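> The primary structure of each chain is shown beneath.
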Amino acid sequence: MKREAISSLLARRAFLRKIGRAATCAGAIAATGAAGALGVTKKVAAKSESTSRRGSFPTKDYDWTKRQWAFGVDANKCIGCLRCVEACKRENDVPGDAHHFNTWVERYVYLEGDKRARVDSHHDPVNIAASGSEREYRFANRYQDAKVEKAFFVPKLCNQCTHPPCVQVCPTGATYKAVDGVVLIDQKYCIGCQYCVQACPYGARWFNARKGVSQKCYWCYHRITKGLQPACVEACPVGARIFGDRNDPQSPISLFIRNNRVQVLRPETGNAPNVFYVGIDKEVS
Amino acid sequence: MPKHIVRLIILLVASAAIALIAKWFFTVESFYEYGHYRADSVPEIAAQEAVYKTARYCQSCHSERHAQWSANNHKSVTCETCHGAAQGHPEKGKLPIPADTVKLCTLCHEAMPGRPGTQPQIQVAQHSGGQQCKVCHNPHAPKIAAAAVRVTGDAAAGRQRAAACASCHGAEGISPNDTWPNLAGQSAAYLARILAAYKSGDQKDVVMTPLAQPLSDGDIRNLAAYYASLTCRTVPSTTRIGDAATGKALAKNCASCHGDTGIASNPAWPHLAGQKVGYLVNVLKAFRGGLRKDPMMAAVVRGLSDADIENLAAYYAAQSCQPVTEARKTP
Amino acid sequence: MEPGGLLELLVEIAPYTGYVYPNETVIPWTVLIVVYPYLTGLVAGAFTVSSLYHVFGMERFKPVGQFALLTALAFMIFVPMPLLLHLGNPQRAFNTMLTPHWTSAIAVFGFFAGFYVILLMLEIWFMFRPHFVRQAQRTSGLMGRLWHVAGLGSDDLSPKAMRYDEKWIFTLAVIGIPTAHGLHGYVGFVFGSLKSREWWSSDLMPVVFLFSAVISGVALLIVLYVLSCRLRKIAVDLQCLKGLAYVLWGFAMFTLVLEGLEFANVVYKGREGVEMILEYVSGPLLVPFFILQFSIGALIPIAVLSYMIWRGTTGKALIVGVTVSALLVLFQVWMMRWNVVIGGQEIAKTGKGLLSYQLVLLHREGLLIAVSVAIAPLLLLWAMVRVLPPWEKAATSLRSPLASAT
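Chains as they are written, first to last, in the working numbering: chain A, 1 to 285; chain B, 1001 to 1331; chain C, 2001 to 2406.
Rather than coming from a laboratory, the hints here were simulated on the basis of the structure. Some hints could be false.
Said to hold, decoys possible - Cross-link-like lysine-lysine pairs, in silico, DSBU-like; alpha carbons within 30 Å at most:
id: 1; chain 1: C; residue 1: Lys-2352; chain 2: A; residue 2: Lys-150
id: 2; chain 1: A; residue 1: Lys-66; chain 2: B; residue 2: Lys-1053
id: 3; chain 1: B; residue 1: Lys-1199; chain 2: B; residue 2: Lys-1053
id: 4; chain 1: B; residue 1: Lys-1092; chain 2: B; residue 2: Lys-1134
id: 5; chain 1: C; residue 1: Lys-2195; chain 2: A; residue 2: Lys-282
id: 6; chain 1: A; residue 1: Lys-188; chain 2: C; residue 2: Lys-2195
id: 7; chain 1: A; residue 1: Lys-226; chain 2: B; residue 2: Lys-1094
id: 8; chain 1: A; residue 1: Lys-211; chain 2: B; residue 2: Lys-1143
id: 9; chain 1: A; residue 1: Lys-226; chain 2: B; residue 2: Lys-1075
id: 10; chain 1: C; residue 1: Lys-2352; chain 2: A; residue 2: Lys-115
id: 11; chain 1: A; residue 1: Lys-150; chain 2: B; residue 2: Lys-1094
id: 12; chain 1: C; residue 1: Lys-2269; chain 2: C; residue 2: Lys-2167
id: 13; chain 1: B; residue 1: Lys-1003; chain 2: A; residue 2: Lys-177
id: 14; chain 1: C; residue 1: Lys-2269; chain 2: A; residue 2: Lys-211
id: 15; chain 1: B; residue 1: Lys-1023; chain 2: A; residue 2: Lys-188
id: 16; chain 1: B; residue 1: Lys-1199; chain 2: B; residue 2: Lys-1248
id: 17; chain 1: C; residue 1: Lys-2062; chain 2: B; residue 2: Lys-1003
id: 18; chain 1: A; residue 1: Lys-211; chain 2: B; residue 2: Lys-1023
id: 19; chain 1: A; residue 1: Lys-188; chain 2: B; residue 2: Lys-1003
id: 20; chain 1: A; residue 1: Lys-282; chain 2: C; residue 2: Lys-2062
id: 21; chain 1: A; residue 1: Lys-211; chain 2: B; residue 2: Lys-1204
id: 22; chain 1: B; residue 1: Lys-1199; chain 2: B; residue 2: Lys-1094
id: 23; chain 1: A; residue 1: Lys-226; chain 2: B; residue 2: Lys-1053
id: 24; chain 1: C; residue 1: Lys-2062; chain 2: A; residue 2: Lys-177
id: 25; chain 1: C; residue 1: Lys-2195; chain 2: C; residue 2: Lys-2316
id: 26; chain 1: C; residue 1: Lys-2195; chain 2: A; residue 2: Lys-115
Claimed, not checked - Ranges of calculated distance between the beta carbons of each label pair, as one might list FRET restraints:
id: 27; chain 1: C; residue 1: Ile-2300; chain 2: B; residue 2: Ala-1016; range: 45 to 53 Å
id: 28; chain 1: C; residue 1: Lys-2160; chain 2: B; residue 2: Ala-1014; range: 23 to 31 Å
id: 29; chain 1: B; residue 1: Val-1028; chain 2: A; residue 2: Gln-144; range: 30 to 38 Å
id: 30; chain 1: C; residue 1: Val-2360; chain 2: A; residue 2: Ala-130; range: 49 to 57 Å
As the list claims (entries may be wrong) - Sample of chain C residues lacking proximity to chain A, with all beta carbon distances greater than 10 Å (derived):
id: 31; residue: Ile-2013
id: 32; residue: Tyr-2021
id: 33; residue: Glu-2024
id: 34; residue: Leu-2087
id: 35; residue: Pro-2090
id: 36; residue: Ala-2093
id: 37; residue: Ile-2106
id: 38; residue: Ile-2118
id: 39; residue: Val-2190
id: 40; residue: Glu-2272
These figures come from a predicted structure and were not determined experimentally. Heads up, the beta-carbon is just placed ideally off N, CA and C, and yes, glycines get one too.
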């Protein structure tokens, strides 16, 4: 080949190479841009379409923007019958053993001369023996012959905090605070890292090994959105659990908060819990 | 720039593009709509079916039971708390009726430190001699009827009115035979209740029902006060019915209402000590047969044989009717 | 209610004393979550050594400079393993990258880790590019083409190209330092940011984790370097070893101070729940903490290293002494991770009770799996060293712009 032909061939090759490189670059950028635009428009379309489609959310009979749920516990009334614990387990498909609870009851007992309370709950082997199995719950009457100075029962459940540490640490957004105040868990999105279980200072969360997700009390969201009460509130025979909408000044919970000196658990954490307690003691946390 | 650098940069940019595209592609539809979560999960959670249906659901079929329940003390205990969740009922069959009521009822009512005083509590071991709670207590209306009502009546007026009763019940309230009951020293509250029951038809007796009709409420109170003021007397029976010693063992089951020796702690329930043996036999048989109406008594005597009834009657008839001086609290 | 029986097979119920919340009797983070910070720590430490050479121009670390990067990558590749084995739904693990919740340390860590892996791979690629080119020229057939592709189809080893390569390596190494430290600092932040456990909640936690990570990485390199010299049947470079010993010694002392500070802080502040911590530390944690981690794992290596530095030990004694110290430091850092992760969960959130973690042998999150995951990177490293030998002339023997003229 002639030198000019060779050099022009080389020049052509160099030029094609440059074009090819530029095209690839441009293609990559265009693809990114297109994907971006597509993604954004898809998102925008979905959002506006869905919001207009949704109207009342999450159901057509229930509008979550109109409610602010809250819970009250009157520990002066609790008799420790544990009907709430069993009702919750049944309602929410919680494992039937003594190590996974959405809600539980703690017993605090001061015997004569005690400076610190003796605390027990359903995972205590003595109580498991009293009920006969891990699927049924009962407090053993272990102090009936003792000199009891003070004793009381404290129901516990998720506090649905206003600043939930569990939501803060969730890496995926599987747990979140809904607009009406309940902290929910998306069981189809949770990866099961259990960071939220670690972060909760109240021990309200637990890991469902069968489903591989975290679970906790969610104030029976499926019931309260239908005008029912949470199963534990329904089951309580003495009115130790109170539930309602703080937006309604005459709701049971609004009256409860207004008419009592209420407190919350671990206020120093800054979580701002939404379960209000009456009748608990310095030892209760 | 050396070509390997160029190619590397292209590779990195392409990878970043692919990563971004993948992110947008794989991110679920409804995410970010209301916040950092999948918005579709909210209606999914809300759509779950409720397991416990509440008492209003039960009312739609069990209206009578519901009415009884909601008018009494246990109205704060929902149906499903004792009978189990109503999900799938009645399609999937009946809900259980708790058999072991001792196990169930003591969950709330066992005396336990920590339970507030407002909660009715019992010492389980001493309360019913091991009987099932539902023997005496209707779970839907558990409070035992007719709390002690102080009966204020004019005993003197009652005495005048009682002249008509003496032919059967005796001039001093001690019956002349075995069949008709002594009334002397009987609890006024009980007498008032039973006379009112005869009058209203709540209780039926061939003889007493017509006799009670003309009585006014005042008459009833006066009669009750009069007979309650009389001194009781245990008259040994002429007929030899039953064995008192055997009856004593059976009487343990009756003690929580009628007292260990037939002297009732609650004035709503009749004293049995020193009562006529024939009367006691007839009445127990009447309860058993449903002729005399009392759900609690009916439940208690359901399992008694004729021999049991005679023994019980013999036991109570033989007891001294003088009350023990100190008041006894219901154990 | 679900049947309890099936779950009992999947979970270990922890026995306890005192009062703990009912949900606490299942300990959430197991030995795998001890392995995970251990592995990331080794990565951070190995990278620190490599940056001493590549960024700060310390020539004495040349024998281990490239090797350290390979070690970092081998371990970094295995970092996700314990996490994936622990997750309840590992198939959804990418949710953290698709919709990362930026307030979550775990979500941010995912991006740090991803970025860091790419950075490591790039730096190693640049280092070994001449090797790829030479291998492509030497071998033929399929292998030859693979080497060619590995070099991105380029055979340019001209001074101009090498200058580009040097700049890239330096830049990557510089960016890599905060990345690696951020990577492991974030692991510490995962624990330190929580309000729920007094044993974890500390501002110092990321720093403590970071410095203990550095000493674990340095110690690992010491052990592996000495081992590799044995296997290659060459003499250990004593200058290099001594340099590593200095680094180990300095960082180990600082780590000790930091950990002491942290513990002193908890005790001194005496917040609610401190009694249970003290009971725990003087009871079940006495041996693992004061004896294993502190005395055997920290004081002895520092003492041995101090002695050798003071006496100017050299030769075989130096090699033995430094290697033994390194092994003890590796042990110390493992115990530190154990005492933090498991120890923290054994102190109940109630502040009124203690639990006891049950380590089983055969279980998805048991000892056998944990040990396998911890050892697997060594096997990968061995394979990597065969393909990308860091000690021959194959690797670019670059000198950092900051290197002093030798």
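> Now tell me if each hint is right for this structure.
So, going through the hints one by one against the coordinates:
1. C:Lys-2352 to A:Lys-150: holds (19 Å)
2. A:Lys-66 to B:Lys-1053: holds (25 Å)
3. B:Lys-1199 to B:Lys-1053: It is violated: about 42 Å lies between the C-alpha atoms, which goes past 30 Å.
4. B:Lys-1092 to B:Lys-1134: holds (27 Å)
5. C:Lys-2195 to A:Lys-282: holds (20 Å)
6. A:Lys-188 to C:Lys-2195: Roughly 27 Å separates the two Cα atoms, so the pair holds.
7. A:Lys-226 to B:Lys-1094: Holds, at roughly 25 Å.
8. A:Lys-211 to B:Lys-1143: Cα-Cα ~46 Å, so violated.
9. A:Lys-226 to B:Lys-1075: holds (23 Å)
10. C:Lys-2352 to A:Lys-115: Measuring from Cα to Cα gives roughly 14 Å; hence the hint holds.
11. A:Lys-150 to B:Lys-1094: Violated, at about 43 Å.
12. C:Lys-2269 to C:Lys-2167: Violated. Lys-2269 of chain C to Lys-2167 of chain C sits at ~49 Å, over the 30 Å cutoff.
13. B:Lys-1003 to A:Lys-177: violated (52 Å)
14. C:Lys-2269 to A:Lys-211: Violated, at roughly 41 Å.
15. B:Lys-1023 to A:Lys-188: Roughly 18 Å between the alpha carbons, so the hint for Lys-1023 of chain B and Lys-188 of chain A holds.
16. B:Lys-1199 to B:Lys-1248: violated (34 Å)
17. C:Lys-2062 to B:Lys-1003: holds (29 Å)
18. A:Lys-211 to B:Lys-1023: Holds, at about 25 Å.
19. A:Lys-188 to B:Lys-1003: At roughly 46 Å apart (the allowed maximum being 30 Å), Lys-1003 of chain B and Lys-188 of chain A break the hint.
20. A:Lys-282 to C:Lys-2062: Not OK: Lys-282 of chain A and Lys-2062 of chain C at ~62 Å, beyond 30 Å, violated.
21. A:Lys-211 to B:Lys-1204: violated (64 Å)
22. B:Lys-1199 to B:Lys-1094: violated (40 Å)
23. A:Lys-226 to B:Lys-1053: holds (11 Å)
24. C:Lys-2062 to A:Lys-177: violated (54 Å)
25. C:Lys-2195 to C:Lys-2316: Status violated; Cα separation ~49 Å.
26. C:Lys-2195 to A:Lys-115: It holds: about 27 Å lies between the C-alpha atoms, which stays within 30 Å.
27. C:Ile-2300 to B:Ala-1016: 45 to 53 Å: Since the Cβ atoms of Ile-2300 of chain C and Ala-1016 of chain B sit about 48 Å apart, the hinted range of 45 to 53 Å holds.
28. C:Lys-2160 to B:Ala-1014: 23 to 31 Å: holds (25 Å)
29. B:Val-1028 to A:Gln-144: 30 to 38 Å: Violated, since Val-1028 of chain B and Gln-144 of chain A (Cβ atoms, about 55 Å apart) do not stay within the stated range.
30. C:Val-2360 to A:Ala-130: 49 to 57 Å: Since Val-2360 of chain C and Ala-130 of chain A have Cβ atoms about 30 Å apart, the given range 49 to 57 Å is violated.
31. Ile-2013: violated (6 Å)
32. Tyr-2021: violated (3 Å)
33. Glu-2024: violated (5 Å)
34. Leu-2087: violated (5 Å)
35. Pro-2090: Violated: least Cβ distance 7 Å, not greater than 10 Å.
36. Ala-2093: violated (6 Å)
37. Ile-2106: It is violated; Ile-2106 of chain C is separated from chain A by about 4 Å at its closest Cβ, not greater than 10 Å.
38. Ile-2118: Correct as stated: the minimum Cβ-Cβ distance to chain A is 17 Å, above 10 Å.
39. Val-2190: violated (7 Å)
40. Glu-2272: violated (8 Å)
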